[in-house]
Amino acid sequence: MTIASSTQFLCFAALSAAVAIGALGVVLLPNIVYSAFLLGGVFLSVAGLYLLLNASFVAAAQVLVYVGAVNVLILFAIMLVNKKEAMAEIPGLALRRVLSGAVCAGLFVLLLRVAFITPWATPGPEPIGDEATIRIGEHLFSDYLLPFELASVLLLMAMIGAIVLARRDVLSADIVTGEPADQGLIEKSRTPLLLETPAPASPAMPTPVLEKR
Amino acid sequence: MLTAPASAMAAALQAPALVTPGLDLEASFTDVLQGFGLSPAAAHLVWLPLPMLLVLVGAVVGVLVTVWLERKISAAVQQRIGPEYAGALGILQPLADGLKLLWKEDVIPARADGLLFTLGPVLVVVPVILSWLVVPFGQHLLISNVGVGIFLWISLSSIQPIGLLMAGYASNNKYSLLGGLRAAAQSISYEIPLALAVLAVVMMSNSLSTVDIVDQQNGAGILTWNIWRQPVGFVIFWICALAECERLPFDLPEAEEELVAGYQTEYAGMKFALFYLGSYINLVLSALLVSVLYLGGWGFPIPVEWLAGALGQSADAPLVQVITASVGIVMTVLKAYLLVFFAILLRWTVPRVRIDQLLDLGWKFLLPIALVNLLVTAGLKLAFPAFFGG
Amino acid sequence: MTLAAAADPSTAVTAITSLQLNAGAIAPEAAVLIAMVACLLVDLAGEKAASRWVPPLCYGGLGGALVLLALQWNASPLEPAFLGSFLADNLAVAFRAVVAASTLLSLLISWRYVEQSGTPVGEYAAILLAATLGAMFLCGSTDLVSIFVSLETLSVASYLLSGYMKRDARSSEAALKYLLVGSAAAAVFLYGASLLYGLTGGATSLEAVGLALQTSTTPVAALALVFVLATVAFKIAAVPFHQWTPDVYEGSPTPVVAFLSVGSKAAGFALALRILVGCFEGFETQWKLLFTVLAILSMVLGNVVALAQTSMKRMLAYSSIGQAGFVMIGLVCGTEDGYAAMVLYMAAYLFMNLGAFACIILFSLRTGSDRISDYAGLYQKDPLITLGLSLCLLSLGGIPPMLGFFGKIYLFFAGWADHQYLLVVVGLVTSVVSIYYYISVIKMMVVKEPQEASDVVKAYPTPSWNIAGLQPLRTALITCVVVTAVGGILSNPLFNWASSAVAGTPMLQRVLASSAALPIG
Numbered sequence: 001m002t003i004a005s006s007t008q009f010l011c012f013a014a015l016s017a018a019v020a021i022g023a024l025g026v027v028l029l030p031n032i033v034y035s036a037f038l039l040g041g042v043f044l045s046v047a048g049l050y051l052l053l054n055a056s057f058v059a060a061a062q063v064l065v066y067v068g069a070v071n072v073l074i075l076f077a078i079m080l081v082n083k084k085e086a087m088a089e090i091p092g093l094a095l096r097r098v099l100s101g102a103v104c105a106g107l108f109v110l111l112l113r114v115a116f117i118t119p120w121a122t123p124g125p126e127p128i129g130d131e132a133t134i135r136i137g138e139h140l141f142s143d144y145l146l147p148f149e150l151a152s153v154l155l156l157m158a159m160i161g162a163i164v165l166a167r168r169d170v171l172s173a174d175i176v177t178g179e180p181a182d183q184g185l186i187e188k189s190r191t192p193l194l195l196e197t198p199a200p201a202s203p204a205m206p207t208p209v210l211e212k213r
Numbered sequence: 001m002l003t004a005p006a007s008a009m010a011a012a013l014q015a016p017a018l019v020t021p022g023l024d025l026e027a028s029f030t031d032v033l034q035g036f037g038l039s040p041a042a043a044h045l046v047w048l049p050l051p052m053l054l055v056l057v058g059a060v061v062g063v064l065v066t067v068w069l070e071r072k073i074s075a076a077v078q079q080r081i082g083p084e085y086a087g088a089l090g091i092l093q094p095l096a097d098g099l100k101l102l103w104k105e106d107v108i109p110a111r112a113d114g115l116l117f118t119l120g121p122v123l124v125v126v127p128v129i130l131s132w133l134v135v136p137f138g139q140h141l142l143i144s145n146v147g148v149g150i151f152l153w154i155s156l157s158s159i160q161p162i163g164l165l166m167a168g169y170a171s172n173n174k175y176s177l178l179g180g181l182r183a184a185a186q187s188i189s190y191e192i193p194l195a196l197a198v199l200a201v202v203m204m205s206n207s208l209s210t211v212d213i214v215d216q217q218n219g220a221g222i223l224t225w226n227i228w229r230q231p232v233g234f235v236i237f238w239i240c241a242l243a244e245c246e247r248l249p250f251d252l253p254e255a256e257e258e259l260v261a262g263y264q265t266e267y268a269g270m271k272f273a274l275f276y277l278g279s280y281i282n283l284v285l286s287a288l289l290v291s292v293l294y295l296g297g298w299g300f301p302i303p304v305e306w307l308a309g310a311l312g313q314s315a316d317a318p319l320v321q322v323i324t325a326s327v328g329i330v331m332t333v334l335k336a337y338l339l340v341f342f343a344i345l346l347r348w349t350v351p352r353v354r355i356d357q358l359l360d361l362g363w364k365f366l367l368p369i370a371l372v373n374l375l376v377t378a379g380l381k382l383a384f385p386a387f388f389g390g
Numbered sequence: 001m002t003l004a005a006a007a008d009p010s011t012a013v014t015a016i017t018s019l020q021l022n023a024g025a026i027a028p029e030a031a032v033l034i035a036m037v038a039c040l041l042v043d044l045a046g047e048k049a050a051s052r053w054v055p056p057l058c059y060g061g062l063g064g065a066l067v068l069l070a071l072q073w074n075a076s077p078l079e080p081a082f083l084g085s086f087l088a089d090n091l092a093v094a095f096r097a098v099v100a101a102s103t104l105l106s107l108l109i110s111w112r113y114v115e116q117s118g119t120p121v122g123e124y125a126a127i128l129l130a131a132t133l134g135a136m137f138l139c140g141s142t143d144l145v146s147i148f149v150s151l152e153t154l155s156v157a158s159y160l161l162s163g164y165m166k167r168d169a170r171s172s173e174a175a176l177k178y179l180l181v182g183s184a185a186a187a188v189f190l191y192g193a194s195l196l197y198g199l200t201g202g203a204t205s206l207e208a209v210g211l212a213l214q215t216s217t218t219p220v221a222a223l224a225l226v227f228v229l230a231t232v233a234f235k236i237a238a239v240p241f242h243q244w245t246p247d248v249y250e251g252s253p254t255p256v257v258a259f260l261s262v263g264s265k266a267a268g269f270a271l272a273l274r275i276l277v278g279c280f281e282g283f284e285t286q287w288k289l290l291f292t293v294l295a296i297l298s299m300v301l302g303n304v305v306a307l308a309q310t311s312m313k314r315m316l317a318y319s320s321i322g323q324a325g326f327v328m329i330g331l332v333c334g335t336e337d338g339y340a341a342m343v344l345y346m347a348a349y350l351f352m353n354l355g356a357f358a359c360i361i362l363f364s365l366r367t368g369s370d371r372i373s374d375y376a377g378l379y380q381k382d383p384l385i386t387l388g389l390s391l392c393l394l395s396l397g398g399i400p401p402m403l404g405f406f407g408k409i410y411l412f413f414a415g416w417a418d419h420q421y422l423l424v425v426v427g428l429v430t431s432v433v434s435i436y437y438y439i440s441v442i443k444m445m446v447v448k449e450p451q452e453a454s455d456v457v458k459a460y461p462t463p464s465w466n467i468a469g470l471q472p473l474r475t476a477l478i479t480c481v482v483v484t485a486v487g488g489i490l491s492n493p494l495f496n497w498a499s500s501a502v503a504g505t506p507m508l509q510r511v512l513a514s515s516a517a518l519p520i521g
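Chains as they are written, first to last, in my numbering: chain S, 1 to 213; chain Y, 1 to 390; chain C, 1 to 521.
In case anyone wonders, no lab produced these hints; they're calculated from the structure.
Keep in mind that the hints are not guaranteed to be accurate.
Stated by the list, open to error - Partial chain S-side listing against chain C, Cβ under 10 Å, derived:
no., residue
1, Ile-32
2, Ser-35
3, Ala-77
4, Val-81
5, Thr-118
6, Ser-142
7, Gly-161
8, Pro-180
9, Gly-184
Note that the Cβ used here is the ideal one computed from N, Cα and C, for glycine as well.
Looking at chain S on its own, in the form it has when it is part of the complex (with noise of 0.2 Å):
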């Protein structure tokens, strides 16, 4: 073993070991502040498994991308809303828990037999190298032109939609009649959603329909 495949497998094992590690601290610890804060290790780890396989543009994409931006913005909602609220029991948990996890170890069983017995060809195409760059950029604007162009619609509508539902209107009227309006359905619910709201404003539930005739 040379030197440079040794220092790769050992890397390999290490940046495999923390996404690992840290996916499963991101869904198992309670704490939701260290959830994020691992979340953003597991995304720094995966972005050090692109560098060991020579595509150094997407591992920097991938650290601007979801560190830089997703990791942070995920942290700032976090903070903003931390309050510590003590949540309602829910029932059977303890059970939801075990059968989650008896889904997800059959799942990741069922993964690993079609991982070992597929004849993966490998090795993959010869990597690139410095070179991948130039080449997304040349598929970008050739057999993926179309959906790169649709990315920035998409990209477009999501920031108006984003602006919209965070914007705070403190006025809104009907257009058209001048009247004020909630910015809610038009048709009003009967029976509260929200605990909060006073009960005795609707006295009675209203019957079923099918009862009633």
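Take the given structure of chain S and dock chains Y and C to it, following the hints.
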């Protein structure tokens, strides 16, 4: 030996086989070692840590110089004398500061989250130091000429806000948390125009590599520097770089009138020193990158090759190579420190912006301008390929 | 050696770039995109200008798209566009037309609803047009990356639309649920797509995927099939991937529900045809078995649970699950008639479902209610809604002279001809169940005496059409109802249209030919 280097480090450290002549320290060094009878692999292994150490030392010395400059220039601006007893002109003052921080007690507040509290400053400093990988001081005088070059710096600098958030959260202090949140918001807001400004430069030089970017600027000395072709980009980049470094007028995360010291409030001793170090290394790094991207990097205002030609020397002669390399290093550092000087002057001339002004400036002014700049650059590149790097 | 390896793909890339882009294939989408951008620009001039100018812009864009789609019909020669990312065959044209028409009708019935709720009109139209764009691209995409991006465009726009009534907790809840479940589905699809990508050895076009799957029927391919199928089932809300549907339909603004139940579903079926029929030929028995189960479950659960609903929107949500089950019969058949019946039923469903939605939107605009019990005695106050809703519901139930009857009978006929007896019998029985709850609504409206009318109906305002935005609603309502009622009698052109949609699709023809060749050879 390392023809298929998948290990990141090995890949990063492989010297590129460029056609351009110049001082290649690695080649000379490994040649010498092989002369002593070492195998090429072993020689490479001995070489590996040297540039990293060199750059680490360089970064730390750069910080010491910057701290001294900051104190001296600040004093001069305010018509004081500044540090004067420690060494000649107080030149040892930063060293004394550093030693003091090293000797101080390392306090972790009682209700703080110890692990994250320690990890925060580390996450702030490490990416900044890693970014020095791509700073070139000459044709071959950089640790790694990776293909993604400047993009590596952009992506690494986006890790920093995580460390700041971590520090702010772990301190268990409302000022710290607010400071951390502000720092992260500021950092991600200004990263976008910054990246767009860099993208315009990258578009002109057809490469992300810092070496190619400098090479493309040094056709005719000072006349072909990017600052003439990208004046708007230069201003955007400099503003954003100051914001990323949290320098005044953008030092809101640690605005002492509002937040005591922001995310650093609870920190003392060596952990505080890490923040301190990180912010100054970042400043020097940003200045270096401005010089690389816009001020011709290691290039002398009149190309050294022309001077050598005028003096009748071959550019490949060993002596000329050494002189060229030295001039390159001196020019890079000189340009960077000129920019550091401007940053310090700015600190004492411009008032701090408010948080809403900061975000408005970033999102509603710099971002559209940067987009327009990118569009105009693309148009100019198509219209005048000779001048804008067709 | 490395040099040669590096040079080889780059020559391949230059070979690719010299190919024809053939961008004319997406001209209808371009019209929609232009309308969307124009809506956003007009919106900058303020809410007043937006409510004045956005509707005509949308009509122009979608109408233009429909005209351009008509021009693409039976295009020859059929060239792949965007270097194999998109194919405007007749199947794609038909489904894109269904999507565009559903958006057009949904927009017609939206204006008053959106304005009355006080939410911005311009952004609403823009997001709905973006969803349309995603759905239309999804119908014609022939490459995994394009499929994923268009699927996400459709999904993200749908999440935004279902949360558009942002001050309403139900709407926010719907958006959040939809987002979480939808993201999980997208992740599952990506996993399946990555497995397919690995099987092809680095190609993403569906053609390459189909080729790779022909040669290898490894467990990985089966796994990829399951993952892709789960996403398709999520998009068409087939039981047991339907849990999001009732809550999302109840909490979303009603016009959005109208679009989701038709446009989004049509795109899902187009995706199913393209991937399952086009690529997973080798797994035909497996996926047909899975879809049989899904279809039976959808028909039974959708129609039985719809019986117990008290809210009109929720009832239509469950009924749409059942209707999707009927359409799946055509998919399972895999005969020319089966595919044609799918196309025909989607077109019929477009008109009858949107007609029903137009009626319940009009009712809720006037009364602020969507409870079934509140419809009691409506015929005396508002004959138009009563008539329209009755006709549309009868058609949905499959009562003879209506359009829905012919759609359903064609589906059952195709199923019977392909010996899918179980599916057809279940379909017939559940149709009867569905007729029961559709009729009970009609009975509620028509049979009640004036004194038995609900409080809401007793306080019913005199119908007036003066307010801007009600006229388009009336236009849409009458169009849908007329097509539903008369289309059944004059359904021959529709049959021809649906058959030629299948006949003009090389992908389906190839599959049909190969499956026809099997029993003989």
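Evaluated hints:
no., hint, result
1, Ile-32, "violated (16 Å)"
2, Ser-35, "violated (16 Å)"
3, Ala-77, "violated (13 Å)"
4, Val-81, "violated (14 Å)"
5, Thr-118, "holds (5 Å)"
6, Ser-142, "holds (5 Å)"
7, Gly-161, "holds (3 Å)"
8, Pro-180, "holds (7 Å)"
9, Gly-184, "holds (4 Å)"
The structure fails hints 1, 2, 3, 4 (numbered hints given earlier, in ascending order).
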